Amino acid sequence: MSDLEAFRRETRAWLEANAPKSLAGIPSNDIEGVWGGKKWVFDHPDKKLWLERMAEKGWTAPTWPVEYGGGGLSSAEAKILAQEMKALRLPAPLIGFGLTMIGPTLLRFGNEAQKQEHLPKICRGEIRWCQGYSEPGSGSDLASLQTKAVRDGDHFVINGTKVWTSYADEADWIFALVRNDASGKKQEGITFILIDMDDPGVSVSPILLISGKSPFCETHFKDVRVPVTNVVHEIGAGWTVAKALLGHERTMIADTFGVASTKARARGARGFLPELAASRTGEQDGRLADAVLRDQVAAFEMESRAFALTVQRTKDAARAGHQPGSESSMFKIYGTELNQRRYELMVRILGPDALGWEGPGFDETDLETTRDWLRSRGNTIEGGTSEVQLNIIAKHVLGLPA
Amino acid sequence: MELVLNEDQELIAKTALDFVAEHSPVSRFRALRDADDRLGYSQALYREMAELGWTGIAFAEEEGGAGMGLAELALVVEALGRKLAPEPFLGGIAMGGTALSLGASPALRSAWLPGVIDGSKVVALAHQEAGARYDLCAVKTRAEAAGDGFRLTGEKTGVLDAVGADAVIVPARTAGQPGDRAGLTLFLVETDRPGVSLERQVRVDHRNAAILRLDGVACGAAAVLGQPGEGADLLEAVIDRATVVLCAEMLGGMSEAFDLTVDYLKTREQFGVPIGSFQALQHRAARVYMEVELARSAVMAAARAVDAAGAGPLDADVRKLVSLAKARCSDAYVLATNEGVQLFGGVGMTDEYDIGFYMKRARAAELTFGDAAFHRDRWAMLGRY
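In order, the protein sequences belong to chains A and B. The opening residue of the first sequence carries number 282 in our numbering; numbering runs sequentially from there. The opening residue of the second sequence carries number 78 in our numbering; numbering runs sequentially from there.
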């Protein structure tokens, strides 16, 4: 028996012994997942137990080094862990930007003290993070950001506003891009810094979207004093850190849509969309009666599958030692456009039932679809617009001239 | 299923790309077309390819093959597709060869398969009749019982690589009506038999294709592949595998067409700058890039899934992957070449430039074994909706 087979057996045995049975089938999405943090309230005691056991094992961050609270697993072992968790229909014990964004960034760019301080707390779900990148005047042109960081002895004094800071109202810390120098090229003079949301001068106001309530906030900084030791990498080298982190963000977005389609598959033998289409628009001789809709549903399902296979191919290639390219841009574009198509298709299937905003006359699917459709329009804007991603592919993958 | 090439596969891919680039530039295809070459391919080069082991790559070792699978054959065919090499891998290997390997009796197998594998013989497969579109069971050609054997009468069209072939495998009705699944039987018909005639067709892609006419051709019972009356299952199993091979060829073609286009964007200057610096063109190119990447993943997955099924029947999940590959390749190849001609601009419309060849090949491949809409419908049917 190979080491990996042994690992698979041990992992399965451990999961069977330690995972609360009540959690099987619960998704680890934005709504059901455990984000952690000081303000977190568990909606189920077993989720708390599951987080504690997995954190103890280091498996909330399976591939991170053991000394920082991770599991120290190889990527092959981590894949096995994921497969075994999937086989038992177990949710991830912990989700959030600590694991997917700032953690990997600190592993790559952070100093030893920063890793020691922050990574174990992320792994245990004790601190919840949010991201401060965009500003009211800096959307796609992120490098034009203006939030000011003025040096005052061992501190930076920070003034400015960050926008689209998801879950800032529930986060404990924020990682932010600030401008320490406005004299040179705009990409220079940007610093990547970690800020405690409890610091005096930090305030948060939520943003209402076309889809209604949202996790987005504006975060304001008024004379916030942050120790210089909270700078990640070097002062003025924030753009390098930011670019690397945006890659993580796009991968996370792609993974999110992968998870969504897995969840959809689980809802019916024929898959979520075919079942919905069959129940709402009717069948004839065992097939969707509306042949045009059938074609659209099949096209969507097929492109989703080809997309998922492409994500898999990239991961397989990375495991085989191939250098990753700029695939994250492709995943960002394609994944978000697929998600939009999914909701366009659901609206078409629901017909007038998709018009519900709240209240009577609409069921839960109807009301969710309306909001999700509206929200999905932002997918191709947030995290770098599709057009910016196309620019990246043209320049960095195809080598087209500037 | 790992969607990454192993070391052996990397080597096969590299060898194939190098050989095709050296021995079969697109100018060779152009010369064959300009000469109205009857075969449309080079027998000598085909034998060289056979000596490299390409023709036998996916056949079992006990048959004289390399004992590998579609995953490896796909790499060779992708290289051929890159330079539009017209040697009969689709008609002769993927279609005829696969039919022999899946359906032939031991006697028929030993008589024909070694020649197919060493490249000395070509056996085509006549899956198409006029008006049948993509329905493999829309067969009017009849096989009437006559003594111990049969007499075949009918007409096939678009028979790939049939000109110059030594034999053609012919689906014919031993019972039932056109469109029926039951009652189809596959026969191996030697092309020099009385009553067999082949007429070369000239198609937009200039590949070897023919009308096959059968006028009371005598066939012994020993010429039957698979079970009499149950040929539909065998034919479908063969065409599913051949579809994956065609997809590999399409993947090579779209990749090359896209590379040509990107190179042109980098070198062609207008308004004093390379046209590839224009964002409108960059975004079009980036879109094509994504579709080619998705097509590649689908082809790799389909080839591996079919290989995992071995010689057995393909279940719905595997057949869905075949449809996925064909649908994605059809759409992506057509997109890559339509966009290619547009981005080349005026010269893209001239016969002098190669991009037009790829556009024609894309169309021919798209309309073989079912276009994207056909395979979306098949995907839905296999998914029970």
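These are computed hints drawn from the structure, not numbers from a lab. It should be emphasised that the depicted structure is a prediction, and the values quoted were computed from it without experimental measurement. Just so it is clear, CB atoms sit at the ideal spot from N, CA and C, and this is done for glycine as well. Honestly, I wouldn't trust all of these hints.
With a cut-off of at most 25 Å between alpha-carbon atoms, the simulated PhoX-like pairs for lysine-lysine come out as follows [unchecked claim]:
id, chain 1, residue 1, chain 2, residue 2
1, B, Lys198, A, Lys676
2, A, Lys338, A, Lys396
3, A, Lys596, A, Lys360
4, B, Lys91, A, Lys596
5, A, Lys302, A, Lys338
6, A, Lys396, A, Lys367
Simulated restraints, written as ranges between beta carbons of each label pair [stated by the list, open to error]:
id, chain 1, residue 1, chain 2, residue 2, range
7, A, Ser355, B, Arg186, 29 to 39 Å
8, A, Arg568, B, Ala222, 35 to 45 Å
9, B, Ala215, A, Val573, 22 to 32 Å
10, B, Gly423, A, Arg622, 41 to 51 Å
11, B, Val350, A, Gly528, 42 to 52 Å
Anything over 10 Å on all C-beta distances counts as not near chain A; from chain B, calculated [stated by the list, open to error]:
id, residue
12, Pro183
13, Gly224
14, Pro271
15, Val339
16, Gly353
Hints, one by one, checked against the model:
1. B:Lys198 - A:Lys676: violated (48 Å)
2. A:Lys338 - A:Lys396: Holds, at roughly 19 Å.
3. A:Lys596 - A:Lys360: Cα-Cα ~10 Å, so holds.
4. B:Lys91 - A:Lys596: holds (22 Å)
5. A:Lys302 - A:Lys338: Distance ~18 Å between Lys302 (chain A) and Lys338 (chain A) Cα, so the pair holds.
6. A:Lys396 - A:Lys367: violated (30 Å)
7. A:Ser355 - B:Arg186: 29 to 39 Å: Between Ser355 (chain A) and Arg186 (chain B), where Cβ atoms are some 46 Å apart, the hint is violated.
8. A:Arg568 - B:Ala222: 35 to 45 Å: Distance hint for Arg568 (chain A), Ala222 (chain B) holds at roughly 38 Å.
9. B:Ala215 - A:Val573: 22 to 32 Å: This hint holds: roughly 24 Å between Cβ atoms.
10. B:Gly423 - A:Arg622: 41 to 51 Å: violated (35 Å)
11. B:Val350 - A:Gly528: 42 to 52 Å: violated (30 Å)
12. Pro183: holds (38 Å)
13. Gly224: The claim stands: Gly224 (chain B) keeps its Cβ more than 10 Å from every Cβ of chain A (closest is about 43 Å).
14. Pro271: Pro271 (chain B) clear of chain A: closest Cβ-Cβ about 46 Å, beyond 10 Å.
15. Val339: It is violated; Val339 (chain B) is separated from chain A by about 5 Å at its closest Cβ, not greater than 10 Å.
16. Gly353: violated (4 Å)
Against the hints set out earlier in the document, violations occur for numbers 1, 6, 7, 10, 11, 15, 16.
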